[in-house]
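**Q** Chain by chain, the residues:
There are 2 protein chains.
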Amino acid sequence: MSLEFPAPSASKADLEEGAVFSPKFDDNGLITAIVTDADDHALLMVAHMNREALSLTIETGIAHYYSRSRRQIWKKGETSGNLQTVIELLTDCDQDALLVRVKVAGHQATCHTGRRSCFYRAVELQDGRAMLREVDSHRHFDPDHIYKS
Amino acid sequence: MSLEFPAPSASKADLEEGAVFSPKFDDNGLITAIVTDADDHALLMVAHMNREALSLTIETGIAHYYSRSRRQIWKKGETSGNLQTVIELLTDCDQDALLVRVKVAGHQATCHTGRRSCFYRAVELQDGRAMLREVDSHRHFDPDHIYKS
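Each protein sequence line maps, in turn, to chains A and B.
Take the first sequence: its letters are residues 75 to 223, numbered as in our numbering.
Take the second sequence: its letters are residues 75 to 223, numbered as in our numbering.
Each hint should be verified, as a subset may be incorrect.
The list cannot tell twin chains apart, which means a pair is met if one copy fits it or any two copies do.
[Said to hold, decoys possible] Here are the simulated lysine to aspartate or glutamate pairs, EDC-like style, with alpha carbons at most 20 Å apart:
#, residue 1, residue 2
1, K177, E91
2, K149, E91
3, K86, E126
4, K98, D88
5, K98, E152
6, K86, E133
7, K86, D216
8, K149, D201
9, K86, D111
10, K149, D114
11, K149, D210
12, K98, E208
13, K177, D114
14, K86, D201
15, K177, E90
No wet-lab data here; the hints were simulated from the structure.
Quantities reported herein were computed from a predicted structural model and do not represent experimental measurements.
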């Protein structure tokens, strides 16, 4: 049985201060999910949920997303073993984004490149151009090994 | 003079491991920006940038966003005084999201409701329904006072 989510209230006060959870899905039926490590608040990844993924996440306590590339429900970590147990789920003032505070199993890595976080490069100005500099090169697993087969 | 951002590379290796910053803007010309406190990593807000806002942010070191409701560049904190100085700007593996690590001036509050973070309510199951529970009620400023006039 999946959860029903009511349409967003037209009342700003209800949306911002009410107890009714009425997530605002975009035109593609998705809502942005910000995923952080519940222990130290590190930002691990940004993903998206549709209604089904959100319902599964709330009901099972394991983070589920919607893969826009594969166009299907994505139980994060099903292949790599890095399942995410949800410690706390929050929404923001206008209820169009979610914060998923998780505990990561397995390799303690979230990015498919093997790094802990998907945010491993800083944007910096170099000679008037915005360039990238790697700030985390540590791979917790070998992606070629994990995702092969 | 604003920065030019090249179109995303078709090469996954270049996108994920290269030094060229080629942010992927969506169909509306926007990219998601996750804003955290540079000191303790707390998630403060989620916003969006267009090319101009991103360029201004990189060039000035002060966070600029694009307001989807007002359809204009939004220098966060211009009204409330809570300007955001960018300590570090990062992008993720596929370069379709940004992490903006900031130091907040003024009231140390980011949410327009006066709270430190926009994520002040937790989603919890109550009698089979997903409901919201306030986890932060502290207002650092009175929004009616700050945004009046």
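**Q** What are the numbers of the hints the structure violates, in ascending order?
**A** As far as the earlier hints go, 1, 2, 3, 5, 6, 8, 9, 10, 11, 14 and 15 are violated by this structure, in ascending order.
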